[in-house]
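Protein chains: 4
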Amino acid sequence: MEELLRSIEEKVRPLIGQGKVADYIPALANVNPDQFGIAIYSNDGALYHVGQAKKNFSIQSISKVFSLTLAMKHYGEDMWQRVGREPSGNPFNSLVQLEYEVGIPRNPFINAGALVVSDMNHSRFASPHYAMREFIRRLAGNPKLRSDKVVSNSEYEFRARNASMAYLMKAFGNFENDVEAVLHNYFDNCAMRMNCIDLAKAFSFLANKGYCRHTGEQVLTRRETTQVNGLLATSGLYDEAGNFAYRVGLPGKSGVGGGIIAIVPNRFSICVWSPELNESGNSLAGMAALEALSESIGWSVF
Amino acid sequence: MEELLRSIEEKVRPLIGQGKVADYIPALANVNPDQFGIAIYSNDGALYHVGQAKKNFSIQSISKVFSLTLAMKHYGEDMWQRVGREPSGNPFNSLVQLEYEVGIPRNPFINAGALVVSDMNHSRFASPHYAMREFIRRLAGNPKLRSDKVVSNSEYEFRARNASMAYLMKAFGNFENDVEAVLHNYFDNCAMRMNCIDLAKAFSFLANKGYCRHTGEQVLTRRETTQVNGLLATSGLYDEAGNFAYRVGLPGKSGVGGGIIAIVPNRFSICVWSPELNESGNSLAGMAALEALSESIGWSVF
Amino acid sequence: MEELLRSIEEKVRPLIGQGKVADYIPALANVNPDQFGIAIYSNDGALYHVGQAKKNFSIQSISKVFSLTLAMKHYGEDMWQRVGREPSGNPFNSLVQLEYEVGIPRNPFINAGALVVSDMNHSRFASPHYAMREFIRRLAGNPKLRSDKVVSNSEYEFRARNASMAYLMKAFGNFENDVEAVLHNYFDNCAMRMNCIDLAKAFSFLANKGYCRHTGEQVLTRRETTQVNGLLATSGLYDEAGNFAYRVGLPGKSGVGGGIIAIVPNRFSICVWSPELNESGNSLAGMAALEALSESIGWSVF
Amino acid sequence: MEELLRSIEEKVRPLIGQGKVADYIPALANVNPDQFGIAIYSNDGALYHVGQAKKNFSIQSISKVFSLTLAMKHYGEDMWQRVGREPSGNPFNSLVQLEYEVGIPRNPFINAGALVVSDMNHSRFASPHYAMREFIRRLAGNPKLRSDKVVSNSEYEFRARNASMAYLMKAFGNFENDVEAVLHNYFDNCAMRMNCIDLAKAFSFLANKGYCRHTGEQVLTRRETTQVNGLLATSGLYDEAGNFAYRVGLPGKSGVGGGIIAIVPNRFSICVWSPELNESGNSLAGMAALEALSESIGWSVF
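Chains as they are written, first to last, in our numbering: chain A, 51 to 352; chain B, 51 to 352; chain C, 51 to 352; chain D, 51 to 352.
Be aware that a few hints might be false.
Since the list gives no way to pick out one identical chain from another, each pair is judged satisfied if it fits inside one copy or across any two copies.
Taking lysine to any residue pairs in the SDA-like style, the calculated list, with each CA pair at most 25 Å apart, reads [claimed, not checked]: (1) Lys70 to Phe222; (2) Lys61 to Arg273; (3) Lys70 to Val152; (4) Lys194 to Asp228.
The set of hints was computed from the structure by calculation and includes no laboratory data.
Kindly produce the complete structure, drawing on both the sequences and the hints.
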């Protein structure tokens, strides 16, 4: 397996230089673009990795999968009163659809949807970010994971569009808590620093019918696990979910920090990372690596 | 297997009466709503069916999968210049997105996308509908299949919205042939009458790496097959693709005639039919049957 | 007065070369851009003109005011069931609003609205274009006016977007007649050739409480006249109605042939013409001439 | 004149009961709906009024005309870099257009536009609300005018949608100051309490070529005055500007407190007030009174 991963790394490394590191906040713009790592964790506990798989990066939108999981554990089916399950067909931060659809975001993986999910968790936990950090540390089996305050403060400073979305949902009665407080927690979650190995392990429950081998915890039921994966497959890659299904064929979630997680149901959880993004905001080399992997092993679920 | 299918039929039959038969044209409105059939065709050639699985119905939008397959065989990757691969996030017949995105439909399964695909096939074949009919007859192993002229004429009479879409694409330079001529062929394809067994057999190649067992034909390559299934999974169920992934977890395509086809990759092709539709235009009892099937056998690809 | 007009001509002539002649159909693209004319017709029958005021041009969208007038005479207030009276806030040929507002166009001066008005006149007259031509000839006092068949045929050939709008309205039940037939008449009306003097005289009734001095005909009531002028002031200049109110301050209507008519209520009717258009599709030199006229004589109604 | 006003009052009083008092904040919902007042101030200093013309009410969006005037005095033509001059064709508080048009609001009279104008004034004055209050007191000739803190606090509490708009503009770089601070001043301006006589006098400069007779101040130039009136005529009545031009034919501005001001250029300024609103958010009896006035005296500028 690691030989295959090395050949893939060799194949996609030359793409570095053709994308663009996220630069909407200074704290992310400074990342060295010339990095690539991949980790694969199998349901039987084997771990494979190549490249900078131990280098921490900002998980950003990948945190939305943790938030959704936490909310599903507490709210169950009720949560779908406040957020939809359909692809958006619009950029991840658009307000147009949100206004037409009276403040109910299309799915939990666009920003508006993740803000509503954060608002749900905010209503539930006394210290929402700490609850989330604890949850992530446990799933990853890494008690040292933490949020990067420089990044989260910078996100907060440039919060205007997310604030706009949160206030619009509040205007439609779909936001319970103080907007500023929820934004702080939301950005703290996005700013968690993890590496490929952490993320592959943390999401292994999605490949394993909801079971997390290293904690012995049934994180979600088997049915809920297929549901989360179904949502990831249809809405996890911003405006590129269809393309990802076409090229890779796995449930996945990307972040503007350059990470992408992908799930091979019943077999593996994968995390690939490379900071440069394509035009849809997904890791350029990461997408290419997952496509090569899918082509060579025939891992598409389809 | 047939016992399971019978128990599912028993479970979903009571739903009949809660949906609404498509009534936008008289020829469809007259269908007896109290019907249900299901057929499953396995890759090893076994066929299971219960209910009215031998009763013909109007395949309607399910024909879009045949059109796409035919176009992919001829145009390959080039076809994606003219139609996208992303979920639309809008009703199947909306013009809003089409105008904002300068005449490139989001995917081949919304009406605008299927019209472009029909336009491609129109440029290729001397008699586009006959080429399509031949292709479908071969895949289904049924040389008697034909289009219902009463239905296709009625569709043509009420063509206004589809004509509007086709002309809008023509205005953007994304429509090559005469609008009226393409519409006639498009409606003839939609009006094909087939039963559950025909459709399960016809789409068996999507469950079998592109190979059609009963004709011995490699319809699509293995890679193309996963690609079509990936597109079906993200865009096949109108505005309910996410919900279908969440509840059923299989690539699928529905039609307003009440049919739904679904693919269990590497194992089975399924067709379920019941004429009453839910609010998203998908067969109410059909969706419920597929969900029950998915829950009981754990067939979700996710 | 003619001295003032000459000074204005001198002032705006240098703008020619900075705009762009309409080129969406070949028949219009061939017009010599270096032309400018203006005619002012006073309620007491005096006529002033400079430049190429006797040169015929394609009236295009200015014909929408004739169509509206004819429809108001026959349908009165009833006509507002089928077309609105509000500015569109969208390009003149957009379908987005039309879909959101279920086939009721915003006002009679955007294309969709003018098509509905043409459809009304089509239901009323045996030969709709001839009725319209007769009406225009009478108002202009010029029995030789006719439509340019080369232009109207060319418009018809490139009818795709207008056909798309008409079919969309038909889909919503707001179009009574055959789409192709109405389009033919609509394009024949747009292709009428008239000069500045013809148009200034033809619209003199809008400056004269509905009365046409040279025919002795009360074309509209006094109240209807202020209503038409009110609609022209809020919706007559495509996407530039607000700017026209700000810069010129008169009810007016433009056409892509480069003509603009403007009304000084109770005093004058004006027609200015120069083929090059600005980015909003209004005559560049024409707009400048009307602004200079408004500034120098203080003719703004505001 | 007062006899005419009394006959109009008699005619429209029966309409009270058919509209609906603004109830989006409690402080406005409590107003007694059974009230009507009108005041007309002529350029020669005569004042006519009937009904509750001395009863104070919340001026709400009418304040947007004061804000625009103040900004025009300071920024001149430069201000149009940040706000457009076109009718919006959308509800007054929509974010859709604002997102498509990258944060530049359509005109200064929709909420987003007024927020940008408030932001401009905020950058200019040390105490923006006090500067505005001083300006209004002077124009109205009433040093006792003040803002209703109960109303402005209530507006602030329910600020979500306005906050959403302000943050969206900030995200596009079209908002300079702290969102919360500008909102406070904006709501304080909206919550000014004035009566019909105050408002008729305060806006007399718009009827008098920019000159305010009772202060002897040239508030705007003659040209700027026609420009403000032109914008009021095309964008002053929310989604009903075209209908207002059709029915009334005067530049005007309404507020959800039930007030409407209207200008008869070179002759009169008018303020009418009645708290119940029609479906577009404009005073029901107020609109009817202005239409009756326009019909009986023929005051339409068109």
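Hints, verified against the model:
In this assembly of identical chains, the alpha carbons of Lys70 and Phe222 lie at most 25 Å apart only when taken from different copies (21 Å versus 36 Å within one copy). In the homo-oligomer, the alpha carbons of Lys61 and Arg273 lie at most 25 Å apart only across protomers (20 Å), although the nearest pairing inside one protomer, at 37 Å, exceeds that limit. In the homo-oligomer, the alpha carbons of Lys70 and Val152 lie at most 25 Å apart only across protomers (22 Å), although the nearest pairing inside one protomer, at 34 Å, exceeds that limit. Taking the closest pair of Cα atoms, Lys194 and Asp228 never come within 25 Å of each other, the shortest separation being 29 Å inside a single copy and 37 Å across copies.
The structure fails to meet hint 4 from the earlier list, while all remaining hints are met.
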